[in-house]
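S.K.: Listed below, chain by chain, are the residues.
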Amino acid sequence: MSAEVQSIIVRYQSDKTRLIDMLWDIQQQFGYISDEAVVTLSELLNMSCPDVRETITFYHFFHDRPFGQHKIYLSNTVIARMNGYDEVRIALEKEAGCSFGCVDSSGLFGLADVNCIGLSDQEPAMMVDEVVFTKLTPAKVKNIIDQLKQGKTAEEVANPEGLESKAVEYVDALVDSNIRMKGEVFFKTNRDYQVILQDCLNVLPKEIIETVTISNIRGRGGAGFSTGLKWRLGRDAGADQKYIICNADEGEPGTFKDRVLLTRSPKDVLLGMIIAARAIGSKHGIIYLRAEYWYLKNYLQQQIQEFQDKGLLGHKILGYDFEFDIRIQMGAGAYVCGDETALIESCEGKRGTPRVKPPYPIQQGYLGKPTNVNNVETFAAVSRIMEQGADWFRAMGTDQSTGTRLISVSGDCEYPGIYEIEWGITLDQVLQMVDAKNSKAVQISGPSGECVSVEKDSLRTFCYSDLSCNGSLMIFDESRDLLDIVKNFMEFFVDESCGICVPCRAGNIDLLGKVEQVIAGRAYQQDLDDVVSWGKLVLNTSRCGLGATSPKPILTTFEKFPEIYQKKLVQAKGSLLPSFDINSALQAHEVAYKTLVEGEKK
Amino acid sequence: MSIKMTIDGKKVIAEDGQPLVDVATDNGTYIPTLCYVRGKPCLGTCRVYSVRVNGHVMASCTISVAEGMEVDVHEPEVTDMRKALVEFLFSEGNHNCPSCEKSGRCDLQATGYEVGMMVSRFPYHFTPRKVDHASKYIWLERDRCIFCQRCVDFIRDKNTGQKIFSIDQRGSKSSIEIDVKLADAMSAEQVREAAELCPVGCIIDKGQGYNEPIGKRQYEIKSIRERALERRKK
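First to last, the sequence lines map onto chains C and G. Numbering follows my numbering, in which position 519 of the first sequence is assigned residue number 519; successive positions increment by one, without gaps. Every position in the second sequence, counted from 1, becomes a number in my numbering once 1000 is added.
No lab work stands behind these hints: they were computed from the structure. One or more of the hints may lead you astray.
[To be verified] Result set (DSSO-like, lysine-lysine): computed pairs, CA atoms no more than 30 Å apart in a straight line:
(1) C:Lys-357 / G:Lys-1216
(2) C:Lys-357 / C:Lys-440
(3) C:Lys-297 / C:Lys-369
(4) G:Lys-1136 / C:Lys-350
(5) C:Lys-16 / G:Lys-1216
(6) C:Lys-514 / G:Lys-1173
(7) C:Lys-357 / G:Lys-1158
(8) C:Lys-152 / C:Lys-316
(9) C:Lys-369 / G:Lys-1130
(10) C:Lys-357 / C:Lys-456
(11) C:Lys-514 / G:Lys-1130
(12) G:Lys-1136 / G:Lys-1216
(13) G:Lys-1222 / C:Lys-357
(14) C:Lys-594 / G:Lys-1130
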């Protein structure tokens, strides 16, 4: 085995910044990353073994113990739970013959829960090895597991026609794109990429930045930073190397627009990256693709290849003195890597821990060099801005929120899927568009965003100064239990906290504890006051965007729907806190007594 | 270049670009820190140095001073936040000062006194954590680790530069790990450095536990605040 691990390491020139690629190769070849492999890695990469393990154990999809020949990850989002998750989960345990978190006796299946895998429009969904299965039912689960038991690979089951994985038909066989409404910017067909790029190369880089700046486009990942300004800072940063990174770590629960953009318009994204490289002066680009989207990898690689073949990537692009290449970096399961500095750490083969800022990536990013990180959608939009002009783009949307954006709609509505909306439209208009009935609450921007009340907020508009949606929009109707949803979101943050700073590492657990207390009917007014003050603490003192938003599911529902909390409250009786449960407090004594005293008698 | 700023309303002149926490200390305002070590790269993990800068809560070790900056250290809300963060560290780990070798020399304990903490407002997690005593010279008492990462970043193998200490898992499952082979190759001096750098009693120099009697240990003679402010005078 050691020789095979060695050859994997050599494949990446023994470069420890490629550790994540090596770990993937090892896991795909041997099923898991053994202690022996860790020793080989540590020896050849000049790292201590615990240092190698730092990376392995950080990521959800890496296993340092056997986890079954087929690794099955069932998406446990609130949307999945609204669509039959429980039945599917039971069916999986029954058919695979093991419970979640375990491997079956034959070592064939490992079952695990996973946070959103970017398929909220077709839940319940699961990943099996590197492919996905959607719209699951118990019968469908049985059929899949039966085929796997017969010795088929997950890919053969998902792709019975044997389509080539680099073709779009392959992706379509696995997932639906569900584009419900197209607008002016995205999903245009028959674009002449060569001509658009030619036009960009004919002008000075600073003129490209000028156009992007005038268009007033802001980052579509969520933070809404001015793309033109970021590019100018990148241009001005003096360095021998600069990098362009496309953030395709679409981890916010409920969002899946980047999956669809990368499926339907991958070349828009690639072109945007090339334009950014020209503008900033970069030779190397990286697409950081979340591991949940493995099934897109070969397809994207093919798109890159086609651009190379046509001279749009590589040396002397279209005959100009300009070179640029793009590689795909696979993630390995960590929501926090959506933070650009965590993403860069991950690209360097390390734990996805957000860096201390400043310096910002645009000053010192990947390998310490100026790095421009943009969202998938931002790159795609820029490619259209350069084609149609800044004024065309600015004519859409509002003054401060120009253009259109994609939203991924899921939950209680007739038509979940992708909608291109112009900034400035109201919540009410969106709900009509997607045909949502009896809506009660809408989660804007996923758990890290805001829960709004349809009754109170229907006239609020989508724009950066109001509902600055990052692409995720989940709709909940009157029948849904919002507290249960809040609990799920808090569990998500507890699970995804990287743990580097204490407010997020410990605070989210305590906040979740309070929600559970409310649900169990053991909270009184003081607990709600605590929730608000602790939430504010976590939000203000955490190191990165994860902790700075994680209390929001509680804080925003508490603001919009105080009654769901109030009606669960109890009155304190006497001097005992309602949260004090005498039976559970005495349970440890009971156990100790049974073991020590009664055990002795026997 | 000199810049003008205010700390708790007091006018201060400082050199542009210095970490705020250092400027504050140099001007007589103590800000507690549990990960930051003056002169070393900022780790940004403990957050107990949070202060208000131009109205926003910010980490005073990661931010550099700039012209016109208005800093509030003792404003009640942010003062309570610092206290709460120290309480988090106590409730998340298993800290039992009376039976700890580091008592009286522990930065966390001393900071607890400094922020006026009596008891944690947060529920204690009582997470079971295993002790690691496999290395020859170091006793790793995981119950007390606060994940400051000082040892991870600042204590490296002298020959290879490799990490001796590292963090396993993530989030609340995080665990401090030690490479026994590299730890056993540490000099007595480096072991002592690691034990002293550890702000709690997690890295214990084996055989040195109670070498100073209670009542004569460093923070019992002089508080962590006095020590921090004294250092700037030198």
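S.K.: Which of the numbered hints above does this structure break?
M.R.: 1, 2, 5, 8, 9, 10, 13
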